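First to last, the protein sequences are chains A and B. Heads up, the first sequence is in my numbering, so the first residue is 1 and it goes up one at a time. Heads up, the second sequence is in my numbering, so the first residue is 1 and it goes up one at a time.
No lab work stands behind these hints, which were simulated from the structure alone. Note that the structure is predicted; figures quoted are calculated from it, not measured. Note that CB positions come from ideal geometry on N, CA and C, so glycine has one too. Incorrect hints may appear among the rest.
[Claimed, not checked] Partial list, computed: chain A residues near chain B (C-beta under 8 Å):
no., residue
1, H100
2, H186
3, T189
[Said to hold, decoys possible] If we take Cβ atoms under 8 Å as the criterion, some of the chain A residues that face chain B in the derived model are:
no., residue
4, T81
5, P106
6, A115
7, M117
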Amino acid sequence: MAREFDAAMLRLYRQGKAFGGVYSQLGNEAVSVGSAMALDPKTDALFPMHRNVGAHFVFGAQIDQMMQNQLARQGSQMRGTDGTGHYADPALRIYGNVSHLGSMIPVANGFVLAARMRGEPTVALTYIGDGGAQVGEVHEALNFAAVQKLPLVLIIENNQYAYSTPNSMEFAVDELSKRAVGYGIHGETIDGTDVELVYETCRKAVERAREGNGPSIIETRTMRMRGHAEHDDFSYVPKDLLDQWALKDPVNTYAAVLVQRGVLSGETVKQIHDETFNAMVAAIDRTLELPWPDASEGMKNVFL
Amino acid sequence: MTYLEAIADAIKLEMRADDRVFLIGEDIGVYGGAFKLTKGFLAEFGPQRVIDAPISEAAIVGAGIGAALNGMRPIVEMQFMDFITNGFNQLVTVAGTTAYRWGIPVPMVVRGPSGGGVGANPFHSRNSEAWFVHATGLKVVCPASATDAKGLMTAAIRDPNPVVFFEHKGLYRKIKEDVPEGEVFIPLGQARVARQGTDATVVAYGSAVFMALEAAEILEKEGAQVEVVDIRTLVPFDEETVLASVKKTGRAVVAHEAVLTGGFGGEIVARITENAFRYLDAPVRRVAAFDSPTPFAPTLEKAVLPNTLAVVDALRSVLEF
């Protein structure tokens, strides 16, 4: 679903019907889906980044609503004031990001701090990239969460490139999860293309968090298989690197595993793909028929 | 009750009445805050509601935002308002845009001591209120009296929007008033006519209100009746009260302790000239600090900051125009 949503947004972008940034999570789906599956959507809270559409779907987001939000059509949960997956849906316990990466991690801290004051078992799951992890607010937030033993799980999605900047120009440590040592919290680095491994690692982190043992950092290694956003031809990424990672494609490899285990048949896999593709096409048609939000919305709700 | 005690009183009353109200900041618990404003709070409300945080202004403001999103009413202390620069992104990028983008309230107060005149240094003396006026989505409060400080703090805590509350540290123990016991509520967005007059208006806020009142006394001896309007809150701005006064007197001086250029005084002057130009008998004058950081040595600081005589000079010039 995440993959087909991204593909649908890419088609819309190429047709000139999607504007702003279109940020594909191609190659990173296992991180979004596996991590969000480890939460309880009834009590926990999701603070996704711009490349986590899979996590939104795990938390119950609907395709039409997501399209309305992304394409800023009437029905957008942000009334057209913002787009790019920045929406919040309190009923689904999803609180989107802002473009300043890392800024929502301190906010996620406050969210679970409030829950703890009321005796609620909420765990917050949030994400940052290999680039965003270098923002000062990330450090402040992790230290604060560690001191307060807050129930927070931070996934560092290391997809090799921060826009055009490779890991080697972003940080000098071999594994970003080693920073956990400096905060006195749990940290580990895993293969982010293996959805079951992501799920299992996050499940344990959520368990630690819920039991009062504080936050965890999980670095997931993947490859960003598209540009930073769709305007970016990512010619700075060596072709053979992309070819290598393509062999580890998280969706195709997991489908093959499930077929091999006899959980799904090859026909069922194709059927799921076709149904999802068709659902996206239908949602696009419905969304593009919707009018733009009324211009007066721009002057509302600066204050409540 | 001093200005400082009045603020503490408002917070204490709200914390007793509403479990959702809690404090977070640096050295506010055991130590009771750098100015002792939260002295005794830890003992009464416990460490869950009086949280000593690491020196991490972004993490502190962010925690306030997150808690507010999740139904609480946090009061975030900046040990000095100067340090809000380290939490600026949280306030401006997140807090100020959330209602607009999401329609979800962020009922949070960020408060702390601002202002100069006490021989601090460039990093403990700034008046940065105008930055937040320009940010959009943030309410900005600058009380000048103890009663106002109490009443406006009550309103700020109950407001569904993020409020940046500038307390003037020079006023903390300087002014003592008979502040009403129990609940005092002064709505945000209502100016106060601090002194009635007919010949000229001084529009001011914060410490400049005292300069204006002293200037009015001096000019009274020279036969001029000066009205002083304390706007109390910059956002929302009570344009109506300011315009009514200027239309009555026909002459205006705008005064604040913050630096001149880009200050809120410029906005006030613009509103006056846009809406009351034909009532004016003289150009509107501004009194503000010299455009520099607030210096350390008393001689320098005195030279840079505005004072009563500067307001007197400005008033004379509009009266004699």
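Hints, one by one, checked against the model:
The criterion of a C-beta within 8 Å of any C-beta in chain B is met by H100(A), whose closest approach is roughly 5 Å, and the hint holds. For H186(A), the shortest C-beta to C-beta distance to chain B is roughly 19 Å, which exceeds 8 Å, and the interface hint is violated. Look at T189(A): its Cβ only gets to about 24 Å from chain B, farther than 8 Å, so that hint breaks. A hinted interface residue such as T81(A) counts as satisfied when its beta carbon comes closer than 8 Å to some beta carbon of chain B; here the least separation is about 5 Å, so the hint holds.
Annotation: interface hint on P106(A) holds; nearest CB of chain B at approximately 2 Å, less than 8 Å. At its closest, the beta carbon of A115(A) sits 6 Å from a beta carbon of chain B; the interface hint therefore holds under the 8 Å criterion. For the restraint placing M117(A) at the interface with chain B, the shortest Cβ-Cβ distance is roughly 6 Å, inside the 8 Å limit, so the hint holds.
Hints 2, 3 from the earlier list are contradicted by this structure; the remaining hints agree with it.
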